[in-house]
Amino acid sequence: MPPQIYDVIVIGTGAGGGMAIKTLCDAGLKVCALNSGRRLDPEKDFRNHRATWEMKFRGFGDPATRMKDTPGFLDSEYNQGAWEREIAFTTAPGTKWMWPRASAVGGKTNFWGRSSARFGDIDFKAATLDGCDVDWPVTYQEIAPYYTRVEKMIGVASTVQNRPSNPDGVYLPPFNFRCLDWILQKGCEKSGVPYLPDRLAQLTVAHEGHPACHYCGDCTFGCEVGAFFSTPWFFLPSAEGSGNLDLKTNAIARNILTDADGKAAGVAYVDRASRQEYEVRAHAVVVAASCIESARIMLNSKSRHWPTGIANSSGQLGRNLCDHLYATTASGYLPQLLGQPSFPDNVSANPIAWMPRWQNLKSAQEEQFIRGYSVYPDGGCAEFPGYYDRIEGFGSSFKHEIKRRYPTPVSFTVQAPTLPSEKNFVDVDPDGKDSFGIPMARIHFQWGDNELRMFQHAKQVSAEIFRKAGAVLEYSADEPEMPGYSLHETGTCRMGNDPKKFVTNRFGQTHDVDNLYVCDASVFLNCTDKTTTLSILAFSVRTSEYLLEQFRRGAH
Amino acid sequence: MAGQSIERREILCMLALAAGAAGFPGFCRWSFACGHVGADITQIRPTAYRPLFFSAAEYATIERLADIIIPTDETPGASQAGVSEFIDLMVSRDAALQPGFRSGLGWLDAQSRKTFGNKFLSLTTAQQTSLLESLAYKKKFRAGEERGREFFSLVREYTVMGFYTSEIGLKELDYPGLKFYAGSPACPHKDDPEHLHLPGPKG
Numbered sequence: 001m002p003p004q005i006y007d008v009i010v011i012g013t014g015a016g017g018g019m020a021i022k023t024l025c026d027a028g029l030k031v032c033a034l035n036s037g038r039r040l041d042p043e044k045d046f047r048n049h050r051a052t053w054e055m056k057f058r059g060f061g062d063p064a065t066r067m068k069d070t071p072g073f074l075d076s077e078y079n080q081g082a083w084e085r086e087i088a089f090t091t092a093p094g095t096k097w098m099w100p101r102a103s104a105v106g107g108k109t110n111f112w113g114r115s116s117a118r119f120g121d122i123d124f125k126a127a128t129l130d131g132c133d134v135d136w137p138v139t140y141q142e143i144a145p146y147y148t149r150v151e152k153m154i155g156v157a158s159t160v161q162n163r164p165s166n167p168d169g170v171y172l173p174p175f176n177f178r179c180l181d182w183i184l185q186k187g188c189e190k191s192g193v194p195y196l197p198d199r200l201a202q203l204t205v206a207h208e209g210h211p212a213c214h215y216c217g218d219c220t221f222g223c224e225v226g227a228f229f230s231t232p233w234f235f236l237p238s239a240e241g242s243g244n245l246d247l248k249t250n251a252i253a254r255n256i257l258t259d260a261d262g263k264a265a266g267v268a269y270v271d272r273a274s275r276q277e278y279e280v281r282a283h284a285v286v287v288a289a290s291c292i293e294s295a296r297i298m299l300n301s302k303s304r305h306w307p308t309g310i311a312n313s314s315g316q317l318g319r320n321l322c323d324h325l326y327a328t329t330a331s332g333y334l335p336q337l338l339g340q341p342s343f344p345d346n347v348s349a350n351p352i353a354w355m356p357r358w359q360n361l362k363s364a365q366e367e368q369f370i371r372g373y374s375v376y377p378d379g380g381c382a383e384f385p386g387y388y389d390r391i392e393g394f395g396s397s398f399k400h401e402i403k404r405r406y407p408t409p410v411s412f413t414v415q416a417p418t419l420p421s422e423k424n425f426v427d428v429d430p431d432g433k434d435s436f437g438i439p440m441a442r443i444h445f446q447w448g449d450n451e452l453r454m455f456q457h458a459k460q461v462s463a464e465i466f467r468k469a470g471a472v473l474e475y476s477a478d479e480p481e482m483p484g485y486s487l488h489e490t491g492t493c494r495m496g497n498d499p500k501k502f503v504t505n506r507f508g509q510t511h512d513v514d515n516l517y518v519c520d521a522s523v524f525l526n527c528t529d530k531t532t533t534l535s536i537l538a539f540s541v542r543t544s545e546y547l548l549e550q551f552r553r554g555a556h
Numbered sequence: 557m558a559g560q561s562i563e564r565r566e567i568l569c570m571l572a573l574a575a576g577a578a579g580f581p582g583f584c585r586w587s588f589a590c591g592h593v594g595a596d597i598t599q600i601r602p603t604a605y606r607p608l609f610f611s612a613a614e615y616a617t618i619e620r621l622a623d624i625i626i627p628t629d630e631t632p633g634a635s636q637a638g639v640s641e642f643i644d645l646m647v648s649r650d651a652a653l654q655p656g657f658r659s660g661l662g663w664l665d666a667q668s669r670k671t672f673g674n675k676f677l678s679l680t681t682a683q684q685t686s687l688l689e690s691l692a693y694k695k696k697f698r699a700g701e702e703r704g705r706e707f708f709s710l711v712r713e714y715t716v717m718g719f720y721t722s723e724i725g726l727k728e729l730d731y732p733g734l735k736f737y738a739g740s741p742a743c744p745h746k747d748d749p750e751h752l753h754l755p756g757p758k759g
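So the protein lines, in turn, are chains D and Y.
Taking our numbering, the leading residue of the first sequence gets 1, the next gets one more, and so forth.
Taking our numbering, the leading residue of the second sequence gets 557, the next gets one more, and so forth.
These are calculated hints, taken from the structure and not from any lab test.
Note that the coordinates shown come from a computational prediction; the quantities given were computed from them, not determined experimentally.
A few of these clues could be false.
Simulated restraints on C-beta separations [said to hold, decoys possible]:
#	chain 1	residue 1	chain 2	residue 2	range
1	Y	Pro655	D	Lys190	47 to 57 Å
2	Y	Arg698	D	Lys423	45 to 55 Å
3	D	Gly243	Y	Asp730	43 to 53 Å
4	Y	Pro655	D	Val205	49 to 59 Å
5	D	Lys190	Y	Tyr605	50 to 60 Å
6	Y	Leu677	D	Pro341	31 to 41 Å
25 Å max Cα-Cα, derived BS3-like pairs, lysine-lysine [as the list claims (entries may be wrong)]:
#	chain 1	residue 1	chain 2	residue 2
7	Y	Lys696	Y	Lys675
8	D	Lys501	D	Lys125
9	Y	Lys670	Y	Lys695
10	D	Lys403	Y	Lys735
11	D	Lys403	Y	Lys694
12	D	Lys248	D	Lys302
13	D	Lys190	D	Lys459
14	D	Lys501	D	Lys302
15	D	Lys468	D	Lys186
16	D	Lys433	D	Lys302
17	D	Lys56	Y	Lys735
18	D	Lys125	D	Lys362
19	D	Lys468	Y	Lys746
20	D	Lys500	D	Lys263
21	D	Lys56	D	Lys44
22	D	Lys186	D	Lys459
23	D	Lys459	D	Lys362
24	D	Lys500	D	Lys302
25	D	Lys403	Y	Lys695
26	Y	Lys746	D	Lys186
27	D	Lys44	Y	Lys735
28	D	Lys190	D	Lys362
29	Y	Lys727	D	Lys56
30	Y	Lys746	D	Lys190
31	D	Lys263	D	Lys302
32	D	Lys459	D	Lys96
33	D	Lys433	D	Lys248
34	D	Lys125	D	Lys423
35	D	Lys403	Y	Lys727
36	D	Lys423	D	Lys96
We put the beta carbon where it would ideally sit given N, CA and C, even for glycine.
Please construct the entire structure, taking both the sequences and the accompanying hints into account.
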C-alpha cells in the first residue's frame with residue numbers, strides 16, 4: 001500500500017495552527033496535524049476549580065521537580081505536563097531569554113492572557129510615519145474583515161473606543177469596572193492617559209455554543225468549561241468532527257522534507273516517547289510552531305536546494321526577532337480601599353482594563369522614542385497576598401495588616417515593543433543537539449534604546465497616575481523582565497513583497513517554496529504595542545483561505 | 557471534605573440556572589452557588605506528625621516560629637492551619653532550601669543561649685519575641701545578626717505561603733474566588749468613583 005499523502009500537514013495546534021486546521025478541515029481537505037506535546041483533558045488536567053489546600057503542594061508544585069526561575073503560571077500544580085521541559089535551546093553569549101512553550105495540544109491558547117486588540121494602519125504603516133524599518137505589505141482595510149470574522153468566532157468583550165491607535169471591532173458586552181478601575185481611571189484622567197475596558201477574549205455572555213465566564217479564578221491555569229477562546233475548546237472539535245483531521249501528538253517536527261524540485265513534500269518528526277523518527281507526506285505544509293520553533297524547523301530543513309534552510313534564499317529566515325518588553329512600572333496599594341470587605345475583583349487574575357497607546361499619536365516624534373506602548377493595570381483581592389513582604393514584622397499586627405490591605409494592591413505593567421534589529425535573531429546552534437537529536441535553536445537578543453526609553457517614560461507616567469489616583473507607590477522595577485517573558489515573540493519569517501528581503505509573501509506563502517506557508521507570528525514585521533493572538537488568528541485564516549484557493553485551482 | 561471543588565458538570569448546571577435566573581429580580585448576582593458556604597473548616601490533623609526533614613526539636617521550633625508569626629487571636633493562626641507541616645513538606649522536597657533552614661535553626665538556638673542562656677523553645681514568650689523583633693524590624697536591627705535576619709525572613713515567607721494557601725488562611729482573607737458569579741464583578745460604589753467616602757471598615 002503506498003504511504004498516505006495528506007493534502008496539508010500543519011505543524012502546531014495553537015492559535016495559528018488551530019485556525020489553519022479548522023479552516024482547511026472545514027473546507028474538506030485532509031489534514032495531518034503534528035503537535036509536539038500531549039493532548040490535555042480539561043476535566044483532569046486543569047485544576048483551576050481546585051482550592052490551593054486540595055493540592056499536595058498548595059498549587060506551588062513539587063519543589064523537587066518544578067522548573068526553577070520561571071513565572072509561577074508555568075509548570076504549576078494546576079496544569080502539570082502542559083509546558084515544555086525537554087526540548088533544550090541555547091542563547092548566544094550576553095543573551096538572556098526565557099522561553100515558555102506550551103507543548104500541549106492548543107499551545108499557549110490554553111493559558112493566554114486574552115487581551116485582543118486589533119493592529120491598525122498606525123502599526124502597518126509605522127515605517128512611513130517614522131522612517132524606521134519597513135511597512136507591512138498589507139493595509140488595515142485589507143485585514144479588517146478577517147479581524148471581524150475572528151472576533152465573531154472567538155468572542156471578544158470590549159467597547160467602541162475611537163482611539164487613534166486602536167481600531168474598534170465587534171464586541172460582546174465589556175467587563176464591568178471594579179472599584180480599583182474607577183479610582184485609577186480618575187488618576188489617568190488627571191494625567192491625560194486613557195483608561196478603558198481592555199479587548200478581552202473572555203465570554204461575558206454565552207457565545208456560539210460556549211458558556212459565559214463564571215469568574216471563578218485564575219484563567220491562566222486553563223479553563224475547565226471553555227469560557228474563553230482556546231483551540232481545543234473552539235476549533236479542534238469541529239475539525240475532528242469533519243473526519244478530515246489526523247492529529248498526531250507527541251510528534252516533534254524535525255525538518256520539512258523536500259522533493260526533487262525543492263518543494264515541500266512532507267515533514268520528518270520524532271516521537272517524544274520512543275525517540276523514533278517518522279515521516280508524513282503531503283501536497284502542502286503549514287508551519288505554525290510559534291516564532292522561534294518555526295524558524296528552527298525551517299533552518300533545520302537543509303537540502304541541496306536549500307543549503308541554509310528551506311525558503312531562505314533571502315537569508316532572512318530567523319532574522320528580526322521581536323518581543324515585548326515587560327516590566328512593573330508601578331506597584332503599591334490604594335489606601336481608599338484599606339479595610340474594605342473582600343471583593344471579587346481579581347477573579348480572573350488578569351487585567352480587565354488597559355491604558356492603550358497614547359504616545360506619538362499627533363505626530364510620530366512627540367516623545368524621546370518612536371511608536372508607542374500600552375500599560376496594563378492589575379490589582380484587587382488575589383488568591384495569594386503577595387504584598388506581605390512589604391509589611392514589616394510578625395504577630396497579630398502583621399496578620400491584621402495583611403487582611404486590611406487585601407482589597408488594595410495595584411500594579412502597572414508596561415508592554416513596549418522592540419524594534420526589529422540586526423542583532424536580534426534565531427539561528428541553529430552548530431555545536432549542540434537536544435535530547436531528540438535535533439539541532440537546538442540559539443537565540444540572540446538584546447533590548448534596544450527605543451524600548452528602554454519607553455520603559456523609563458512609562459515609569460514616570462505610572463508614578464504620576466499613582467499620585468493623582470491617591471495610590472501609594474511602593475515599588476517600580478529597575479530592570480525589565482527577562483526577554484521572552486511576555487510570550488509575544490514575533491518575526492523570523494517576515495512577510496513582504498520583495499523575495500530578496502522577506503521570507504514569505506503578503507499571504508504568508510514562502511517566496512521560494514510555493515507549497516510552504518507560515519501561519520504564526522513569525523510573519524509579523526514587528527510586535528506593535530498590542531498582543532499577538534488575535535492578529536495571528538486573523539492572518540492565519542487569511543493565509544489558510546489563500547492556500548485553499550491554490551488547492552482549488554490545482555496549484556498544489 | 558465534599559464540595560470543595562467545583563466540577564464541570566456542576567458549573568454547566570449553574571450556568572444553565574443562571575441563564576434562567578438572570579432576569580429574575582430576586583436573583584442575587586453576588587451570591588454563589590457552590591458548596592463552600594458554611595464549609596466546616598476544622599483542620600483534621602494527625603495527632604503525632606512525623607517530620608519528613610526536620611528533627612523533632614527543629615520541627616517544634618518551626619512550629620513555634622510559625623505560630624509567633626501568624627498567631628491565633630480572634631481568628632485561627634498558623635498552628636491550626638497546619639503551617640509547620642507545609643514547611644516541612646516543602647523543605648523536604650527542596651535541597652536548595654535545606655541548608656538555610658538547618659543552619660538558621662542552629663543560629664537561633666545559639667543566639668538564644670548567648671542572650672538568655674537557653675535554647676529558643678525554652679525561653680519565655682517575651683524573650684522569644686524580643687529576639688525575633690531584632691530580626692524583623694529595621695529600627696531594631698543589630699549588627700552581626702545578618703544570618704538571623706535572613707533565616708527569619710525565610711521562615712516568615714514559608715509561614716505566609718503555608719497559611720494563606722490553607723483553607724483557614726483563605727477564609728481569614730475571605731478570598732472571593734472559586735465561586736460562581738453570574739456577571740462580571742462590578743464596583744458597588746457608583747456614586748463615589750474616587751472612593752473617598754466609603755463606609756469605615758467594620759470592627
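Hints and how they fare:
Remark: the range hint 47 to 57 Å for Pro655(Y) to Lys190(D) is upheld by a beta-carbon distance near 51 Å. For the pair Arg698(Y) and Lys423(D), the supplied restraint of 45 to 55 Å holds, since their beta-carbon distance comes to about 49 Å. A beta carbon spacing of about 51 Å between Gly243(D) and Asp730(Y) agrees with the range 43 to 53 Å that was offered as a hint. One distance hint, 49 to 59 Å for the beta-carbon pair Pro655(Y) and Val205(D), holds here, with the actual separation near 54 Å.
Distance hint for Lys190(D) and Tyr605(Y): a CB-CB separation of about 55 Å, consistent with the stated range 50 to 60 Å. At roughly 39 Å, the beta carbons of Leu677(Y) and Pro341(D) sit within the given window of 31 to 41 Å. Distance hint between Lys696(Y) and Lys675(Y) is fulfilled; the C-alpha atoms sit about 21 Å from each other, no more than 25 Å. In summary, the hint linking Lys501(D) to Lys125(D) is supported, as the alpha carbons are separated by about 17 Å, within the 25 Å threshold.
This hinted pair checks out: Lys670(Y) and Lys695(Y) have alpha carbons roughly 22 Å apart, not beyond 25 Å. The hinted pair formed by Lys403(D) and Lys735(Y) meets the criterion: a straight-line CA distance of about 20 Å does not exceed 25 Å. For the given pair, Lys403(D) sits about 22 Å from Lys694(Y) by alpha-carbon distance, which is consistent with the 25 Å threshold. The straight-line distance between the Cα atoms of Lys248(D) and Lys302(D) is roughly 24 Å, inside the 25 Å bound, and the hint therefore holds.
Our distance criterion of 25 Å between C-alpha atoms is met by Lys190(D) and Lys459(D), whose separation comes to about 16 Å. Taken as a hint, the Lys501(D) and Lys302(D) pair is honoured in the structure, with Cα atoms around 20 Å apart against an allowance of 25 Å. Among the hinted pairs, Lys468(D) with Lys186(D) is consistent with the structure: their alpha-carbon atoms are about 8 Å apart, no more than 25 Å. Simply put, Lys433(D) and Lys302(D) have alpha-carbon atoms about 15 Å apart, close enough for the 25 Å limit, and the pair holds.
Of the pairs offered as hints, the one joining Lys56(D) and Lys735(Y) holds, with about 21 Å between alpha carbons and a cut-off of 25 Å not exceeded. With a CA separation close to 15 Å, the supplied pair Lys125(D) and Lys362(D) stays within the 25 Å bound. Restraint check: the Cα-Cα separation between Lys468(D) and Lys746(Y) comes to about 20 Å, which is no more than 25 Å; the hinted pair holds. Distance check on the hinted pair: Lys500(D) and Lys263(D) sit about 18 Å apart at the alpha-carbon level, within 25 Å; holds.
At most 25 Å may separate the alpha-carbon atoms for a hinted pair to count; Lys56(D) and Lys44(D) meet this at roughly 16 Å. With a C-alpha separation of about 18 Å, the suggested pairing of Lys186(D) with Lys459(D) holds against the 25 Å cut-off. Taking the CA atoms of Lys459(D) and Lys362(D), the gap is near 22 Å; set against the 25 Å cutoff, the hint holds. For the hint pairing Lys500(D) with Lys302(D), the CA-to-CA distance comes to about 19 Å; that is within 25 Å, so the pair holds.
This hinted pair checks out: Lys403(D) and Lys695(Y) have alpha carbons roughly 24 Å apart, not beyond 25 Å. Between Lys746(Y) and Lys186(D) the CA atoms are separated by roughly 13 Å; this keeps the pair inside 25 Å, and the hint holds. Distance hint between Lys44(D) and Lys735(Y) is fulfilled; the C-alpha atoms sit about 19 Å from each other, no more than 25 Å. For the hint linking Lys190(D) to Lys362(D), the alpha-carbon distance of about 20 Å falls within 25 Å, and the restraint holds.
Taking the CA atoms of Lys727(Y) and Lys56(D), the gap is about 19 Å. The hint holds against a cut of 25 Å. About 19 Å separates the Cα atoms of Lys746(Y) and Lys190(D), which keeps this hinted pair within 25 Å; it holds. Between Lys263(D) and Lys302(D), the direct Cα distance comes to roughly 12 Å. Compliance with the 25 Å bound is thereby established for this hinted pair. Distance hint between Lys459(D) and Lys96(D) is fulfilled; the C-alpha atoms sit about 23 Å from each other, no more than 25 Å.
The hinted pair formed by Lys433(D) and Lys248(D) meets the criterion: a straight-line CA distance of about 23 Å does not exceed 25 Å. Of the supplied pair hints, the one linking Lys125(D) and Lys423(D) holds, its CA atoms being roughly 23 Å apart against a limit of 25 Å. Pair hint Lys403(D) plus Lys727(Y) holds up; C-alpha atoms about 11 Å apart against a cutoff of 25 Å. About 13 Å separates the Cα atoms of Lys423(D) and Lys96(D), which keeps this hinted pair within 25 Å; it holds.
Every hint, counting from the list given before, is met by this structure.
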